[in-house]
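Chains as they are written, first to last, in the working numbering: chain Z, 335 to 528; chain X, 108 to 355.
Hint data in this document are derived by calculation from the structure and do not stem from the laboratory. Be aware that a few hints might be false.
Below, computed lysine-lysine pairings styled on DSSO-like, alpha-carbon distance capped at 27 Å [said to hold, decoys possible]:
#1 K402/Z x K275/X
#2 K150/X x K298/X
#3 K275/X x K299/X
#4 K275/X x K335/X
#5 K402/Z x K150/X
#6 K335/X x K298/X
#7 K402/Z x K335/X
These are the residues of each chain, in order.
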Amino acid sequence: MVELTSKTGFRAEAELASPPRMPAPALDFSVVYEEQAAFVWRCVRRLGVREADVADASQEVFLVAHRKLAEFRQGTSLRSWLFAICIRVAAAHRRRAWVRRERATDAVAAEDETPANQGEELDRKRTREKLDAILDRLDDDKRSVFVLFELEETSMADVAAAVGCPLQTAYSRLHAARRQVEAAVRRLHEGGWP
Amino acid sequence: MSDSTTRRWLDPSSGATPGMRMLLESTAHDGPTDAERAALRRKLGEALAIVPAGPPPSAAPSSTLRPWMFALLALLLVGVLAALLGRHRLGLGPPPRVPEPLPSAAITPSSSPPTPTTDPSKNKAPTASASAPPSAATLASSLASTTAPKPTASNSTSSVEDEIALVKRAYAALRNGDPQGALLLAGEHAKKFPAGMLTQEREVIAIDALVRLGRRAEAVQRANAFRKAFPSSAHLRRIDVLVGSNDE
């Protein structure tokens with residue numbers, strides 16, 4: 335039996351008692367869900383899945399996770415494993431969503447007509463859309479590293495494990511992503527954004 | 108280079124501009140609301156259907172998913188038993204079908220109705236062992252038999268109860284972390300009830316057990332046979348979850 339000893343820890347603190355070369359005992363899917371639902375939800379959102387599709391994408395991630403749970407290698411990071419699934423599911427969603435982009439744009443336009451007294455929430459949404467637009471310009475590798483390090487506050491060692499690259503490469507991707515994001519923010523400022 | 112030298116931009120001491128931090132802070136509400144979490148949990152519960160994966164319940168912390176899903180099979184089995192008992196007591200002829208949507212192609216009774224028999228062990232219909240998955244034809248034949256009236260002694264209340272009990276035992280074995288036992292019991296069911304009314308449920312249990320045993324190729328083979336035999340089964344979603352929708 336594997337126990338997730340920390341509800342917030344990045345690593346699944348797995349204690350494996352089965353003999354070598356035996357199929358690993360399955361993680362308790364319901365525990366995985368309860369502990370990682372918010373993480374998965376946030377990640378698919380931050381990996382570019384539109385707000386309206388996040389629930390479906392999260393469900394897909396967990397269905398894949400459920401199906402492949404027996405293949406999860408004990409002793410490795412559960413979140414890294416889930417994040418890798420998130421990357422693939424989010425990429426598929428983005429590909430499928432491009433035809434719906436016009437509709438999404440229409441929705442934003444309609445929202446722009448909302449009276450300004452909607453206040454902070456509307457401001458936050460617009461800011462969030464700006465960040466989406468910036469992150470959308472990053473390639474998947476850079477975006478994944480940026481999201482995990484800057485937004486999920488994951489250690490770089492775990493980031494590297496999650497995206498499957500050497501630590502130094504993860505740092506390189508982070509700094510490349512930062513440069514792109516900084517340039518985009520500068521352009522926003524030049525355009526009058528606060 | 109290390110995390111300590113690379114400060115996150117959300118860290119006020121990182122030197123990131125206020126505008127940059129405002130951008131990043133706009134993600135603060137990216138997580139699901141309670142309602143969204145509940146909806147996701149419900150949808151997952153529906154998608155994962157009858158038998159959830161996982162270790163024995165005694166070894167696991169309490170969960171909100173598993174009891175809900177376990178209850179599905181329990182309700183199904185209890186419903187079947189209650190319906191059968193009620194019909195037999197009322198002297199009604201044909202036995203009921205498995206209480207789930209049946210494939211339209213398979214609802215047509217077989218051209219040669221099953222021969223009545225008083226001894227289930229003498230039933231000559233093809234069998235499916237635990238290790239050798241039944242073919243699609245075998246499963247389809249089973250379904251045709253389950254949908255055809257069989258007012259015989261082999262369909263007595265006791266044999267129906269026996270079948271339900273056997274599938275329940277297989278399910279319990281799976282639930283208790285004994286996929287090998289579940290597979291053996293599924294094989295026993297296939298031998299004793301080759302035309303049983305819980306053929307589909309048995310197959311789902313067997314496929315689940317094979318997956319848990321790491322015998323993926325066999326699980327996929329058995330799942331493919333299931334798909335061919337029961338192309339519109341309500342259990343297909345569960346099968347897809349277990350082995351993948353594209354036999355991956």
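Task: Pair hint K275/X and K299/X, alpha-carbon separation not exceeding 27 Å - done: Since the Cα atoms of K275/X and K299/X sit roughly 15 Å apart, the hinted pair holds (cutoff 27 Å).
Open item on the list: K402/Z and K150/X were given as a pair; does the straight-line alpha-carbon distance stay at or below 27 Å?
Closed with: holds, 19 Å
TODO: Would you mind confirming whether the straight-line C-alpha gap from K402/Z to K275/X stays at or under 27 Å?
DONE: holds, 25 Å
TODO: Below or equal to 27 Å on CA atoms is what counts here, so check K335/X against K298/X.
DONE: It holds: about 21 Å lies between the C-alpha atoms, which stays within 27 Å.
Task: 27 Å Cα cutoff - pair K275/X, K335/X - done: It holds: about 25 Å lies between the C-alpha atoms, which stays within 27 Å.
TODO: For the pair we were handed, K402/Z and K335/X, check the Cα-Cα distance against 27 Å.
DONE: Holds, at roughly 23 Å.
Open item on the list: Between the alpha carbons of K150/X and K298/X, is the straight-line distance 27 Å or under?
Closed with: Answer violated: K150/X to K298/X is near 36 Å, above 27 Å.
Hint 2 alone, counting from the list given before, is not met by this structure.
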